[in-house]
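Student: Residue numbers (this note's numbering), protein chains in the order written: chain H, 134 to 441; chain F, 49 to 365.
I should point out that these hints are in silico values taken from the structure, not numbers from a laboratory.
Just so it is clear, CB atoms sit at the ideal spot from N, CA and C, and this is done for glycine as well.
Just so you know, not all the hints are guaranteed correct.
Claimed, not checked - Simulated coverage check for chain H against chain F, where a stretch passes if three residues somewhere in it have a Cβ under 8 Å from a Cβ of chain F:
id, stretch
1, 156-162
2, 358-370
3, 387-397
Stated by the list, open to error - Not close to chain H: a few residues of chain F, all C-beta gaps over 12 Å, as computed:
id, residue
4, V62
5, L74
6, A103
7, T124
8, N139
9, R172
10, I288
11, I321
12, I353
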Amino acid sequence: MNHWRDILRDKRVAISGSVLLFLIIAAFGAPPLAGLIGLDPDMVDLYHRLAAPSLQHPLGTDEIGRDLLFRLLEGGRVSLLVGIVAALVAAIFGTAMGLIAGYRGGRLDAALMRFTDGMIALPLLPLLVVLAALDLKKLGIPSAIVDSPAISIERIIVLVALVGWTTVARIVRGATLSLKSRDFVRAAIALGATSPRVMRVHILPNLASPIIVATTLAVGETILLESVLSFLGLGVAPPIPSWGNMLTTAQETIALAPQLALYPGLLIFITVIACNFLGDGLQDALDPRAQRRVVGEAAAATALEKAP
Amino acid sequence: MARFISTRLLQMIVVIAIMSFIVYSLIGLMPGDPIDLMISSNPRLSPADALRLKALYGLDKPLIERYFAWAHAALTGDFGYSRLYLQPVLNVLVPRLGNTAILMGASLFCAYMLALPLGIIAARRPGSAIDGAVNLVCFAGISVPSFWLALMLILVFAATLGWFPAGGVATIGDGSLPDRLRHLVLPVTTLTLVSMGSHLRYIRAAMIETLRQDYIRTARAKGAGEFRVLAGHALRNALIPVVTVLALSFGNLFSGALITETMFAYPGMGKLIYDSILGNDFNLALAGLLIATVMVLVSNLAADIAYAVIDPRIAYR
Numbered sequence: 134m135n136h137w138r139d140i141l142r143d144k145r146v147a148i149s150g151s152v153l154l155f156l157i158i159a160a161f162g163a164p165p166l167a168g169l170i171g172l173d174p175d176m177v178d179l180y181h182r183l184a185a186p187s188l189q190h191p192l193g194t195d196e197i198g199r200d201l202l203f204r205l206l207e208g209g210r211v212s213l214l215v216g217i218v219a220a221l222v223a224a225i226f227g228t229a230m231g232l233i234a235g236y237r238g239g240r241l242d243a244a245l246m247r248f249t250d251g252m253i254a255l256p257l258l259p260l261l262v263v264l265a266a267l268d269l270k271k272l273g274i275p276s277a278i279v280d281s282p283a284i285s286i287e288r289i290i291v292l293v294a295l296v297g298w299t300t301v302a303r304i305v306r307g308a309t310l311s312l313k314s315r316d317f318v319r320a321a322i323a324l325g326a327t328s329p330r331v332m333r334v335h336i337l338p339n340l341a342s343p344i345i346v347a348t349t350l351a352v353g354e355t356i357l358l359e360s361v362l363s364f365l366g367l368g369v370a371p372p373i374p375s376w377g378n379m380l381t382t383a384q385e386t387i388a389l390a391p392q393l394a395l396y397p398g399l400l401i402f403i404t405v406i407a408c409n410f411l412g413d414g415l416q417d418a419l420d421p422r423a424q425r426r427v428v429g430e431a432a433a434a435t436a437l438e439k440a441p
Numbered sequence: 049m050a051r052f053i054s055t056r057l058l059q060m061i062v063v064i065a066i067m068s069f070i071v072y073s074l075i076g077l078m079p080g081d082p083i084d085l086m087i088s089s090n091p092r093l094s095p096a097d098a099l100r101l102k103a104l105y106g107l108d109k110p111l112i113e114r115y116f117a118w119a120h121a122a123l124t125g126d127f128g129y130s131r132l133y134l135q136p137v138l139n140v141l142v143p144r145l146g147n148t149a150i151l152m153g154a155s156l157f158c159a160y161m162l163a164l165p166l167g168i169i170a171a172r173r174p175g176s177a178i179d180g181a182v183n184l185v186c187f188a189g190i191s192v193p194s195f196w197l198a199l200m201l202i203l204v205f206a207a208t209l210g211w212f213p214a215g216g217v218a219t220i221g222d223g224s225l226p227d228r229l230r231h232l233v234l235p236v237t238t239l240t241l242v243s244m245g246s247h248l249r250y251i252r253a254a255m256i257e258t259l260r261q262d263y264i265r266t267a268r269a270k271g272a273g274e275f276r277v278l279a280g281h282a283l284r285n286a287l288i289p290v291v292t293v294l295a296l297s298f299g300n301l302f303s304g305a306l307i308t309e310t311m312f313a314y315p316g317m318g319k320l321i322y323d324s325i326l327g328n329d330f331n332l333a334l335a336g337l338l339i340a341t342v343m344v345l346v347s348n349l350a351a352d353i354a355y356a357v358i359d360p361r362i363a364y365r
């Protein structure tokens, strides 16, 4: 347990971790709380549109009179959910691919590396716009799923995970390659352990640090991608709020109510910067000797315009 | 060296062929059908006419066959006709390439003009207050959503203060140079701020690594001034990895910045690709995406070659 105390002693980890924890608790705790005090966050009140902050509405109301604070928390719940779930999906798939490719080597490894090279060469954002605009019915997905209200959330999670897994796969592959030749792994193999057992028992636990770091950074990148796609109207679709699509409507009333455009963006910014600082701090705390993965590395390599 | 370049060129052509097929198939999965779009405004066309039109354009053939027909035409420089702009695709694309190169080139230049001195100052004392402040700037640039930054800049500097125009390339009827430059200020600021962070981190990391080397201590021991040590001895060696990252970002000079261009209504490649995808302009979207991909691949190759040329320790394989 001393280990965790050391990690929390890093200022970056402590501060950004608390900020994220606070945001998560607030966003996921808001709907039950609203129910308790008898407030309906979706209640439209056309007599009090774009109202100034008051005791009843701490941040004022939006363009159709809904409480802005609750709207922001609801949007945060969706954005955080999409970010965390997509990053986890990408991490699990990327870990499996990187582990197998690094351990087995050979053709699979070569194919994986060429594929990730190709993915990095593709212009990310235009590609995501194409993928988000695809007609799911032409892909043969049943219309019961395509027409369900949650499809916009499910689709964005799949899309972002689809482009995100390669980063984790590369990191895991590199770490697996170096672990493979270590004595304890060779001893396990000499004692007759099967390949799946070596990968699961001997290699995977030693990959925890790089995977945790990569996933933390991926949550931030994912939230940025979600917000930009939702902003363009290709991600989470209204009436489900997300920080990205709240900015789309805020753009129309920006002259009347600039605060509607200020808060969602500020929350995206705070969340993403907290994820990046947390990832960076964890990297130093968990894995000080490992080769550093520079935050925003993908951004520098692929982009003047980084993903968003 | 010649062998290294020719192998890489060959690999690149294979990757381009695969990528073009993937993009071609993806575009085919977009909603809508070119013939339906064509006849939707003409109620006198019967279903039989539609089928004949499909046969005329080869749309009744299997995907592979259509792809090869398209690729054959594309290789002779014929990318088809743009539905939105009613012009051959290349006539639409070429002016946009120029606009995008100006915007992205200016942003890249500004980003380096800021990142180089900041990175060097931060690297002199890692862990100091200055380093911490520079690090905060890096993280802020990497983490800020560019569309929101653009929105805020428009709100403050265009809508409220009125210092700069909110979008476009020039005021109608005034194409003078100062007017054009005024239009570039806000988009270039946005792109500079969001891209500076990652370049800055590379420069800082490379400088810290270089300043640890023995020859830096030797230079100091021989009494070289601080400026001479930093600029003459350290920077030149630290720039080797930085040049690769710089070459990698050249690809984006032509693929453009989808979000920033769209936010500022700047007629560049990024906005063109976005508009063509949303407007069902298949030919234009396809050509735009491909040019963007090819540019990235070419600049990756250029980065590898530049790396090999600058640093003789790199072996070509």
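Student: Against which earlier hints does the structure fall short, listed by number upward?
Tutor: 1, 4, 5, 11
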